[in-house]
Structure formats: C-alpha cells, structure tokens
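Q: Note that the protein sequences, when read in sequence, are chains X and R. Going by the working numbering, the final residue of the first sequence carries number 112, and the count climbs one at a time with no gaps. Going by the working numbering, the final residue of the second sequence carries number 226, and the count climbs one at a time with no gaps.
Mixed in with the good hints, there may be bad ones.
[What the hints assert, rightly or not] DSS-like cross-link-like pairs, simulated, lysine-lysine; straight-line CA separation at most 25 Å: (1) X:111 / X:69; (2) X:107 / R:169; (3) X:111 / X:99; (4) X:71 / R:195; (5) R:195 / R:121; (6) R:169 / R:195; (7) X:49 / X:71; (8) R:126 / X:99; (9) R:126 / R:195; (10) R:169 / R:182; (11) R:182 / X:99; (12) X:71 / X:99.
Calculated directly from the structure, the hints in this document are not laboratory data. Just so we're clear, the structure is a prediction, and the values are computed from it rather than from any experiment.
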Amino acid sequence: AQSVSQHNHHVILSEAASLELGCNYSYGGTVNLFWYVQYPGQHLQLLLKYFSGDPLVKGIKGFEAEFIKSKFSFNLRKPSVQWSDTAEYFCAVNENFNKFYFGSGTKLNVKP
Amino acid sequence: DGGITQSPKYLFRKEGQNVTLSCEQNLNHDAMYWYRQDPGQGLRLIYYSQIVNDFQKGDIAEGYSVSREKKESFPLTVTSAQKNPTAFYLCASTPWASGANVLTFGAGSRLTVL
C-alpha cells in the first residue's frame with residue numbers, strides 16, 4: 001500500500017515568514033498529487049493538485065508545490081504566510097486513479 | 113449549491129450500539145468514500161464505492177459496514193465490533209470512478225462513544 005509522509009507535525013511561524021512543508025510518498029508508478037487544507041471549523045478543501053505537465057503547480061492563496069519525481073516528493077511552499085493561513089495541511093496521493101492516501105497532517109500556527 | 117451533506121454533525125453512542133452516519137451528495141458524482149480522521153494520523157480510508165450496488169473495503173474496514181443503493185447516498189454504519197469508534201468521520205466523492213479526480217469532502221460527523 002501507498003504511504004505518505006509529512007515530516008512536520010506542527011509548525012509555528014510569524015507573519016511574513018516563508019513556509020515549506022515536506023511531503024514524500026512511496027509509490028513508484030504514476031501518481032496524482034494533492035495538498036488539502038482544513039481551516040478551523042471548515043471543510044477539507046483542495047489547495048492545489050498535480051496531474052501531469054509542469055512540476056511546479058500553483059494553487060489558491062499564493063501557495064505552490066513542486067513535484068520532484070526522483071525524490072518522490074511534493075513539497076508545499078508559500079513565500080510569505082499570513083495569520084489566515086493558520087490551518088491543518090494534508091498531502092495526498094492518488095494511485096491507480098481510485099484510492100487516495102493521506103499523510104498525517106501538519107498543523108500550521110501563524111502568529112500575528 | 114452542490115455539495116455533500118453529512119448528518120448528524122455530532123453523535124453520542126453508548127458502547128455496544130450500532131450507529132449509522134448519513135452521507136448524501138447532489139454533485140452527480142460516481143464514486144464515494146468514507147474516511148476516518150484521528151489526531152496525528154491523518155485520514156484513513158474505511159470504504160469506497162465506484163458504482164451503485166458495489167463497494168470495496170479500504171484500509172480500516174473492520175467494524176464498519178456500508179451500502180450504496182442510490183448514486184447520491186453512501187451511509188456508513190459503525191457497528192459494536194469497532195473497537196475504537198470515537199473519531200471524526202468524513203465522507204467524500206469524486207466525479208468518476210477512475211481518471212484524474214479530485215476529492216470533494218463533506219463537513220464531517222463527530223462520533224463519541226460514552
């Protein structure tokens with residue numbers, strides 16, 4: 001079975017700091033990659049996705065992620081975080097187009 | 113508005129009781145999923161269904177059961193056989209059973225066993 005690793009369980013940053021959250025997966029074949037975000041009290045929602053093409057993908061709210069196939073990684077970045085980015089972030093992988101596997105999540109607290 | 117409706121939002125259950133969580137979608141999506149979310153463990157797949165009247169076990173199906181009699185509905189029953197049922201349960205759907213899909217989630221149901 002697929003495994004998805006998120007290295008940081010809890011990250012605390014000040015506003016305007018840069019963010020990078022790590023994500024690695026184990027499957028060696030063709031995968032689709034996602035980052036989902038769960039703001040306090042809200043639904044899980046899609047932040048960005050990679051299906052094919054340009055390995056640098058841009059999502060909502062200034063987030064981006066880079067797919068590095070050789071490293072089995074899909075790290076999430078944002079140059080300057082805001083207090084409103086406080087949330088839990090989940091990396092997910094979809095193999096064989098049906099089952100989605102999620103990482104354990106990273107809680108981000110941004111201090112105003 | 114199209115979306116996924118889960119009910120109830122909060123549910124309390126005594127040990128030994130079965131409980132059914134409802135999931136309804138009006139997105140006309142083919143595939144539906146049930147996940148369990150526990151702190152520090154992310155989301156784990158319980159069951160999924162790619163088509164009406166068919167479903168498959170996920171990674172943690174023991175103690176759970178599902179049905180898919182209608183395209184828009186995918187209820188989850190947490191049985192008394194589930195040893196640690198207190199959790200946050202999320203229902204999700206995708207437009208197709210295969211292909212480049214994106215999961216859409218409901219708001220979740222929080223089950224507490226007393």
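Q: Run every hint past the structure and note whether it holds.
A: Status of each hint after checking the structure:
Our distance criterion of 25 Å between C-alpha atoms is broken by residue 111 of chain X and residue 69 of chain X, whose separation comes to about 34 Å. The hinted pair formed by residue 107 of chain X and residue 169 of chain R fails the criterion: a straight-line CA distance of about 29 Å is larger than 25 Å. Pair hint residue 111 of chain X plus residue 99 of chain X does not hold up; C-alpha atoms about 36 Å apart against a cutoff of 25 Å. Distance hint between residue 71 of chain X and residue 195 of chain R is unfulfilled; the C-alpha atoms sit about 38 Å from each other, more than 25 Å.
A C-alpha spacing of about 21 Å is found between residue 195 of chain R and residue 121 of chain R, which places the hinted pair at or below 25 Å, so the restraint holds. Between residue 169 of chain R and residue 195 of chain R the alpha-carbon distance is near 17 Å, which keeps this suggested pair within the 25 Å criterion. Between residue 49 of chain X and residue 71 of chain X the CA atoms are separated by roughly 18 Å; this keeps the pair inside 25 Å, and the hint holds. The hinted pair formed by residue 126 of chain R and residue 99 of chain X fails the criterion: a straight-line CA distance of about 32 Å is larger than 25 Å.
With a C-alpha separation of about 13 Å, the suggested pair residue 126 of chain R and residue 195 of chain R falls inside the 25 Å cut-off, and the hint holds. Restraint check for residue 169 of chain R and residue 182 of chain R: satisfied, since their Cα atoms lie roughly 18 Å apart, inside the 25 Å limit. Distance hint between residue 182 of chain R and residue 99 of chain X is fulfilled; the C-alpha atoms sit about 21 Å from each other, no more than 25 Å. With a CA separation close to 22 Å, the supplied pair residue 71 of chain X and residue 99 of chain X stays within the 25 Å bound.
Of the numbered hints listed earlier, those contradicted by the structure are 1, 2, 3, 4 and 8.
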